[in-house]
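A.B. asks: Top line first, the protein sequences correspond to chains Y and V.
Read in order, the letters of the first sequence are residues 113 to 510 in the numbering used here.
Read in order, the letters of the second sequence are residues 113 to 510 in the numbering used here.
Worth flagging that the hints you see were computed from the coordinates, not collected in a lab.
When chains are identical, the list treats them as one kind, so a pair holds in a single copy or across two.
Only pairs whose alpha carbons sit at most 35 Å apart, straight line, appear in this in silico DSBU-like list of lysine-lysine:
| # | residue 1 | residue 2 |
| --- | --- | --- |
| 1 | 503 | 260 |
| 2 | 503 | 373 |
| 3 | 444 | 165 |
| 4 | 240 | 465 |
| 5 | 404 | 503 |
| 6 | 456 | 209 |
| 7 | 165 | 474 |
| 8 | 444 | 209 |
| 9 | 238 | 444 |
| 10 | 444 | 474 |
| 11 | 444 | 503 |
| 12 | 456 | 238 |
| 13 | 240 | 444 |
| 14 | 465 | 238 |
| 15 | 213 | 260 |
| 16 | 404 | 444 |
| 17 | 456 | 165 |
| 18 | 456 | 503 |
| 19 | 179 | 444 |
| 20 | 465 | 404 |
| 21 | 456 | 444 |
| 22 | 456 | 240 |
| 23 | 165 | 473 |
| 24 | 238 | 260 |
| 25 | 165 | 465 |
| 26 | 444 | 372 |
| 27 | 474 | 260 |
Just so it is clear, the structure is predicted and the values come from calculations on it, not from any experiment.
Protein chains: 2
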Amino acid sequence: MNAIKELSGGLENVALFKYSAIECGIRYQNRLDLSLIYSHEPCWAAGAFTTNKLCAAPVILCRERIKNPIHAILINATNANAATGQQGLENARLLTKELGKLLSIPEDSILMASTGIIGVQLPVEKMKNGLPVLVKNLTSQAGALLPKAIMTTDTFPKQYAISFNTSTGTYTMAGIAKGAGMIAPNMATLLCFVVTDFPVQQSVLQKLFYESVNVSLNAITIDGDMSTNDTAIILSPARNLSHTEDDIAIFSKALHIMMKKLAYLIVSDAEGATKCVTVKVVHAANDADAKKAAKAIAESLLVKTAMFGNDPNWGRIACAAGYSGAELQEEKLSIYFDDIPLFKNGLPVEYDKELLLNILKKREYTITVDFGLGNSQFEFLTSDLSYDYVKINAEYST
Amino acid sequence: MNAIKELSGGLENVALFKYSAIECGIRYQNRLDLSLIYSHEPCWAAGAFTTNKLCAAPVILCRERIKNPIHAILINATNANAATGQQGLENARLLTKELGKLLSIPEDSILMASTGIIGVQLPVEKMKNGLPVLVKNLTSQAGALLPKAIMTTDTFPKQYAISFNTSTGTYTMAGIAKGAGMIAPNMATLLCFVVTDFPVQQSVLQKLFYESVNVSLNAITIDGDMSTNDTAIILSPARNLSHTEDDIAIFSKALHIMMKKLAYLIVSDAEGATKCVTVKVVHAANDADAKKAAKAIAESLLVKTAMFGNDPNWGRIACAAGYSGAELQEEKLSIYFDDIPLFKNGLPVEYDKELLLNILKKREYTITVDFGLGNSQFEFLTSDLSYDYVKINAEYST
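When you get a sec, could you build the whole thing from the sequences and use the hints?
C.D. replies: Right, dumping it as structure tokens:
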């Protein structure tokens with residue numbers, strides 16, 4: 113019996129929450145740009161935020177409030193409210209205050225997330241005027257609108273939903289994300305929101321969320337840049353319910369599946385990308401080395417352009433492993449494309465060119481780098497670097 | 113009176129040394145691929161080598177021998193002798209041993225440097241057969257051949273020569289380099305060789321060379337990848353001559369000018385690049401922060417694609433400063449393109465769009481990022497990221 117099941121659709125599967133998205137005209141007309149996730153019941157929240165020292169006003173707000181009982185997340189697209197100084201922070205506070213009044217909840221039970229152009233103040237009056245409609249439209253079914261409402265240059269909306277069985281019953285979990293396409297208007301923003309009706313205490317929720325983010329959202333790379341607005345938040349009802357260890361293990365597994373799926377969807381939609389490649393480091397000397405090496409290889413421009421060109425360039429891969437800082441012994445290093453070895457114990461090996469080309473031409477394959485030193489492994493998901501990446505990012509005009 | 117003067121030409125200006133370059137057919141016919149720098153008089157040498165843990169056989173050899181009295185550097189293009197295991201190292205030793213016999217010098221007074229395809233053993237017999245011709249052709253005038261003989265995908269040969277006056281007379285210094293174009297056949301290799309007739313003791317030479325490499329070759333970025341073969345070497349005659357402090361200061365200044373010029377030539381010839389932009393961080397909290405921030409901005413793909421697109425994207429620059437790890441206070445951060453401010457004390461400012469476009473369209477300009485915190489500064493030289501970069505690196509076939 114499988115305890116975890118994929119569901120069709122997204123947020124609407126978690127009916128404990130209500131959702132709403134409207135066209136507020138923040139920067140453009142006729143596009144959904146203001147969204148709300150709301151729970152009548154207070155929730156425990158956990159978050160992972162950008163480590164950029166230049167962080168947007170809504171991120172500052174979230175950091176202040178994440179440990180409070182949370183009722184709502186207000187999300188806007190098309191304006192990042194970043195590099196907006198004190199005024200930007202006051203605007204974010206004002207909007208959550210107004211929303212608190214309308215929902216009859218404390219303003220500090222409301223989180224906020226923004227994505228879009230930076231250096232421009234939010235059109236506060238317009239957004240304030242939109243809030244009553246946003247609140248009025250709240251329904252569980254409207255969850256289907258949100259993955260679209262948070263998009264910037266994503267080419268498709270990203271959502272995922274699952275159910276899982278524990279000793280106290282069947283629960284649901286759903287998430288939405290927008291891509292680190294690194295783009296328009298100004299830079300990458302990764303937004304990700306997950307809701308569940310399974311109650312998990314804040315401290316445990318934070319720990320489990322971090323663990324899953326580390327192997328999902330923190331294990332993908334498009335271009336190595338990190339936005340001022342990156343935000344991932346999970347909400348879970350603040351109910352005291354005792355769980356068995358197995359229950360927590362199932363929840364944790366479900367959360368990993370959720371986050372890995374959303375991370376996969378983000379890389380699949382990377383700007384200009386034609387591939388979604390897993391870089392898997394195995395037998396590294398330690399965990400930190402495994403991660404360092406996988407990251408260096410996954411971020412190497414030379415490796416990424418080779419992927420785009422269907423070139424089995426093990427030299428560039430070995431080179432990136434070498435400068436990653438991870439412990440490395442040349443005579444123990446091996447490299448595989450799917451199951452075909454190209455480099456074994458420090459020396460190139462002959463391979464079947466046709467079989468290899470079949471792998472390289474696939475949209476998805478795995479590059480395995482075996483350090484032959486220890487027992488640590490780590491996987492990174494990466495995209496290739498194409499003409500279109502340059503085009504998209506060069507032709508945007510500030 | 114200016115103590116330092118630019119000379120036309122390159123290595124041939126330093127007649128203390130003899131040079132030779134031949135078509136040895138290492139990988140291709142009809143191209144100069146084997147070169148020699150030779151001094152009858154023993155020299156002090158100093159070097160800076162790749163920190164990649166996967167390093168090529170010639171780099172291992174140089175590290176062993178760099179503190180010896182040095183007579184010669186043997187250089188080959190088209191084969192990197194990297195990822196070639198124990199055999200590769202034995203081949204390098206064998207070639208320097210043969211060369212030592214021909215020149216009647218100890219084999220461990222010979223350094224070696226290689227660039228080209230990786231994972232392929234050197235054609236040792238062919239190269240051994242080339243050595244007598246290489247030695248026979250040694251002249252000072254042949255120095256003009258070397259910048260061409262070490263090229264891989266560089267589009268022009270890179271050389272520079274200067275003279276400088278000290279209390280003991282007039283001396284010359286000349287250098288050649290090949291580019292970190294990061295390319296064909298397999299990856300970037302930066303090679304750089306400098307000779308001078310000014311005698312500087314090994315320990316002092318090593319210190320001064322490091323200092324100049326840190327602000328030149330270590331302060332440029334094309335794509336952030338680091339080769340297995342990167343090698344920079346300076347040779348100076350091993351004569352005991354006392355210098356005044358001023359003499360050493362002039363030599364050090366000359367060396368800085370030399371290395372910065374060679375670094376500039378390398379970035380000017382970056383693969384597919386249309387720009388050569390200086391990223392200057394000023395008023396950082398400390399020296400390490402200034403370097404970190406300049407590097408992060410200079411390496412950001414989003415910043416580099418914006419340069420290519422003539423987009424004054426201060427947001428991407430501020431963002432990279434934010435994730436660089438350098439101390440940053442948003443309300444003190446300012447950004448200039450040449451002398452035009454776009455962002456002052458944490459907020460965007462109005463600017464003359466036409467004046468700015470004139471700057472952005474230039475091949476060379478300076479982005480200044482003022483942290484407003486301390487007194488440290490650092491400059492990085494970077495190129496833009498163009499369609500052609502992707503093309504060159506995607507279309508190469510291993």
